[in-house]
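Student: Given only the sequences and the hints, what does the whole structure look like? Please build it.
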Amino acid sequence: VTRYLMAGRTPQTAETIRAFIRTVATPFAIDHEGGFVGTICLRTIDWVSGLAEVGILLGDRRVWGRGVASAALVLLERHAFDEYELRKLWAGTCNPACARLFEKAGWICEGVQVAHVSLDGVWCDHSLWRRHAHDA
Numbered sequence: 006v007t008r009y010l011m012a013g014r015t016p017q018t019a020e021t022i023r024a025f026i027r028t029v030a031t032p033f034a035i036d037h038e039g040g041f042v043g044t045i046c047l048r049t050i051d052w053v054s055g056l057a058e059v060g061i062l063l064g065d066r067r068v069w070g071r072g073v074a075s076a077a078l079v080l081l082e083r084h085a086f087d088e089y090e091l092r093k094l095w096a097g098t099c100n101p102a103c104a105r106l107f108e109k110a111g112w113i114c115e116g117v118q119v120a121h122v123s124l125d126g127v128w129c130d131h132s133l134w135r136r137h138a139h140d141a
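Each residue of the sequence shown is one higher than the one before, counting from 6 in our numbering.
Derived lysine to aspartate or glutamate pairs resembling EDC-like cross-links, with alpha carbons at most 20 angstroms apart:
hint : residue 1 : residue 2
1    : K109      : D140
2    : K93       : D140
3    : K109      : E82
4    : K93       : E108
5    : K93       : E115
6    : K93       : E58
7    : K93       : D51
8    : K93       : E82
These aren't lab readings, by the way, just hints derived from the structure by calculation.
Tutor: Printed below as a string of structure tokens:
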């Protein structure tokens with residue numbers, strides 16, 4: 006489940022996890038049928054520029070491919086654009102399923118960093134995605 010996350014590829018301690026959590030500006034639980042199945046968040050909010058990074062983890066494999074991540078992303082976009090009045094969200098991923106999520110949600114691929122991330126000894130591409138408030 007954490008294969009595509011930096012935290013899933015590097016040794017973690019309680020302190021490194023606490024340090025990561027401090028970078029999460031707005032964490033939200035993803036609930037499906039009354040159970041916790043993942044998280045979605047805005048990270049590194051730049052209030053001056055009106056942008057934030059999106060992070061998502063759907064940790065329960067039983068709900069993969071069932072629209073749960075898509076629904077969570079729509080809700081996070083609404084919150085970011087309507088409540089926080091941000092103008093742009095962005096995300097980077099080397100996870101093909103996550104790239105499909107952003108593409109289906111109407112996000113724009115701004116570019117690909119070729120052979121950028123090592124996964125299990127294989128160099129993988131890393132795509133950068135964006136969503137502007139006026140596109141939502």
